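Heads up: the sequence lines are chains A and B, in that order. First residue of the first sequence: 1, per the numbering used here; consecutive thereafter. First residue of the second sequence: 464, per the numbering used here; consecutive thereafter.
These aren't lab readings, by the way, just hints derived from the structure by calculation. These numbers come from a predicted model, not from an experiment. Keep in mind that the hints are not guaranteed to be accurate.
Chain B is faced by these chain A residues, among others (derived, beta-carbon under 7 angstroms) [unchecked claim]: (1) Gly98; (2) Thr213; (3) Glu215; (4) Thr219; (5) Gly221; (6) Gly222; (7) Ala241; (8) Leu291; (9) Ile293; (10) Val305; (11) Ile343.
Per the computed footprint, the stretches of chain B lying under chain A, defined by three or more beta-carbons under 8 angstroms from a beta-carbon of chain A, are [to be verified]: (12) 544-551; (13) 832-843; (14) 856-868.
Beta carbons: idealized from backbone N, C-alpha and C, even for Gly.
There are 2 protein chains.
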Amino acid sequence: MTEKVQKHSVETYAASKRDSFEALLKEFVEIPSVSMDPAHQADVLRMSEASVHTLNAMGFKTRVLRTPGNPIVFAEAKVSSKAPTVLVYNHMDVQPGGDPGEWKTDPFTFVSKGGTYWGRGTTDDKGPALAAMFAARHALDAGVEVNIKFLWELEEEIGSPNFEAGIKAAQKHLQADAIVVSDTIWISRDKPACPAGLRGLQGFILTLETGTTDEHSGTTGGAARNPIGELCQLISQMYDARTGKVKIPGFYDDVVKPTRKELQEFKDSGFSVEKFKQDHGFKSLRVEDELEIMKRIWAMPTLEVHGIVGGYQGPGVKTVVPPRAEAKISMRLVPNQKSRKIIAALKRFVKEKNPDVRVLPESTLNPYKGVSEGPLAEMIRRSVQFGFGKEPVFVREGGSIGAVPTMAKVLKAPVLFLGLSLPEHGYHAPNENFDWGQAYGGIKAFSKFFEEMETIKRRRRKT
Amino acid sequence: MTEKVQKHSVETYAASKRDSFEALLKEFVEIPSVSMDPAHQADVLRMSEASVHTLNAMGFKTRVLRTPGNPIVFAEAKVSSKAPTVLVYNHMDVQPGGDPGEWKTDPFTFVSKGGTYWGRGTTDDKGPALAAMFAARHALDAGVEVNIKFLWELEEEIGSPNFEAGIKAAQKHLQADAIVVSDTIWISRDKPACPAGLRGLQGFILTLETGTTDEHSGTTGGAARNPIGELCQLISQMYDARTGKVKIPGFYDDVVKPTRKELQEFKDSGFSVEKFKQDHGFKSLRVEDELEIMKRIWAMPTLEVHGIVGGYQGPGVKTVVPPRAEAKISMRLVPNQKSRKIIAALKRFVKEKNPDVRVLPESTLNPYKGVSEGPLAEMIRRSVQFGFGKEPVFVREGGSIGAVPTMAKVLKAPVLFLGLSLPEHGYHAPNENFDWGQAYGGIKAFSKFFEEMETIKRRRRKT
């Protein structure tokens, strides 16, 4: 087989597209498509329009899949009905900007300096999406015989509540022989990683209302219930924050422990505790043992408190007894935990400990167990090697991508990961960034991956 | 003795001053003198200027006592060096407005409707201050032979951190035979109350910093420490939020339990659980027993959580591991608890449970045990009866006024209470209000009180 994607030609192509890549990334980042915040709903729709416009302009036939929530952008380039088909998944919605005081630049102003791109969505997930798109253009222009489809979601950051309905309705257009997702993070710049599994997520909002308005703690304190105090107590009953151990009965029942082989891959992954602390700015961790940390972030479930709303947040101490409080918590789940069982277990627990607390489950993302061996894994390995000159490790990803288990289930195709993000890119953090080095390598790796896909065995389709 | 303050004349006077009273209260309420918020520092100074201007215009010789913090406004009318002297204490700073969504009107726009006055500071403490001021004018004009002094503080709501230094420096001008404070709350409109004691207050800010920026809970969760979770745990170790029981060793050691006589006054006070719940909008309480509630709010110490700062507060669940969290807590103290011992006990406790948590004590207000029997109590009783046609009960006040124990200590004079506020006035709550009925009765009661003071035995002065 003659190689259609040649190192020289793809590098020339990528270099020639750097200006276009940066212009598009600027345009995309400056649309604050924050799916979590209803105030940004119009921006989310602008983002879908910009996506349609961009994919069309790049020569892909684009349409919008309607859902009861935000639309999904779908695009395709059909080469031949006999050719294998690959579906590329990215998402175009982003996390909220967060505390502006923690950003060195405005989160929704694109700043490019010395090959680094700053702004919310640069690495999660607009930069990787554009890299894959340019790569597809190049592969097709180079004569790669693969049908390429794109799915750009706009509700990933809120747990893909309408994704399943959206792709079910468009199922016949979405058939593919493999799905590739670019929304995951390497171990380090020198250590590409391809997850062989993702954690799931189950969010909850716990609310307790004991009064009507802020009351004076001198006048009422002692008799008045304190909803913040009671939520603190409930959370402490749920888990030991010092160790991380969850105390809800049944929580760990269905956890599948990593195999010996997986643990060996973890050990060989090049993961460094020092680098982990440095990348994320941690002063200390719950534990310091390297393997234990990898198990905890990749293969064990968690409980986290993300915020407690209610009471006084300003300077000093305002001595109020607040009327209500809300705790935002979530659990990361691992194979084979089932969110349904976890929701029931938490509700039972809260009912027993403090029945006045209302439990509102937020979106559910299922955990996913993927491939780390076999021909598909080898294709990914060769593509990363081609793009970056380094072999990837197959570990696990601690984060969750709701669309992954959904696509695997609905489209019945294997889901592979070709992530381009680095730990220091600040996923969900202030000063999120991406860089041309990863975009450039990504264009090369994806171009090669599309060519690799030529050899895949076509799945039997429904007619 | 001919009565100089006659019911008819004081009523005529008060009615004739209603417009002036309302105009001044409007002016004062519309200066947002929030001492807790540095953004309002200029307003606090404007408030001191307006106070000086007003007291001068009313015929009192006014000056400003400088302190390292906010000034204290001092005014006096000297009748005779042989006459007894009364010092009236009020404060002109206010609580923050709070959540505008919970106010029916703007907190810093004065709204007068049907004899009710809405706005932050109407009842705490600008309205009562103006009532006392008008009463003093009337008593003096009626020929009452009492020297009257005013102290209007501007740091009460932040725990009077500079009050002691301020009055120590001006001690020789502040000598008085009795001090009267108007900053306390009745049992109900039908049940005037004069506290025979105040709770103290010790605020704390607890901070825990485990990282630098918000981090992705998928990427780091399990290994990362969660500062909100750890503070929740620490708070739950400090106290049982369901029962209110504080678990810090030594916390209750110095508590003086109410005497049998005091408990009898509590029982006779007319306190009603239903009305308490209704006045404060509580859906439920920690306990339902009437006497137990009175003990808890008047005579027992507490621990409260006022807010937890850190993490995500917006809509939905943003799955971050926050880098730091801050808990705002306070304790109400009762005689003979000493804040110094309490601070030490809490610091020891935190050091043992979670040594990374920093404990920052906020301002200290000492508890105060006042008079409920004897000639001074009788003078108050008669003045309230004159002003409102009802006998007061001598119970306790659950709130704290830092200036009270300080004045008792520095000026070595008894501190009496002649409060005008009602539970439904919303101390520290949204929709704070005051009403002409209480102001009118207050002008009468204070006028009578100044006359009663004619008979007090003059204290021996330093020369």
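How the hints compare with the structure:
Hint status for Gly98 (chain A) relative to chain B: holds, with the closest Cβ pair at about 6 angstroms, below 7 angstroms. For Thr213 (chain A), the suggested interface contact is upheld, since its CB lies about 5 angstroms from the closest CB of chain B, less than 7 angstroms. At its closest, the beta carbon of Glu215 (chain A) sits 5 angstroms from a beta carbon of chain B; the interface hint therefore holds under the 7 angstroms criterion. A hinted interface residue such as Thr219 (chain A) counts as satisfied when its beta carbon comes closer than 7 angstroms to some beta carbon of chain B; here the least separation is about 5 angstroms, so the hint holds.
Checking Gly221 (chain A) against chain B: minimum C-beta separation of about 4 angstroms stays under 7 angstroms; hint holds. Interface hint at Gly222 (chain A): satisfied, since its Cβ lies 3 angstroms from the closest Cβ of chain B, which is below the 7 angstroms cut-off. Hint on Ala241 (chain A) holds. Least Cβ distance to chain B is approximately 3 angstroms, under the 7 angstroms limit. Taking 7 angstroms as the C-beta contact cut-off toward chain B, the hint placing Leu291 (chain A) at the interface is violated, the least distance being around 11 angstroms.
Of the supplied interface hints, the one on Ile293 (chain A) holds, with its beta-carbon coming within about 4 angstroms of a beta-carbon of chain B, less than 7 angstroms. Annotation: Val305 (chain A) was flagged as interfacial toward chain B, and the flag holds, the nearest CB pair being 4 angstroms apart, inside 7 angstroms. At about 14 angstroms, the closest approach between the beta carbon of Ile343 (chain A) and any beta carbon in chain B exceeds 7 angstroms, and the interface hint on this residue is violated. Given a C-beta distance limit of less than 8 angstroms, the hint that chain A covers the region 544-551 of chain B is violated, as 0 residues qualify and 3 are needed.
Check on the region 832-843 of chain B: 0 of its residues sit with their Cβ under 8 angstroms from a Cβ of chain A, so the three-residue criterion for coverage is violated. Only residues whose C-beta sits within less than 8 angstroms of a C-beta in chain A count toward coverage, and the region 856-868 of chain B has 4 of them, enough to reach three; the restraint holds.
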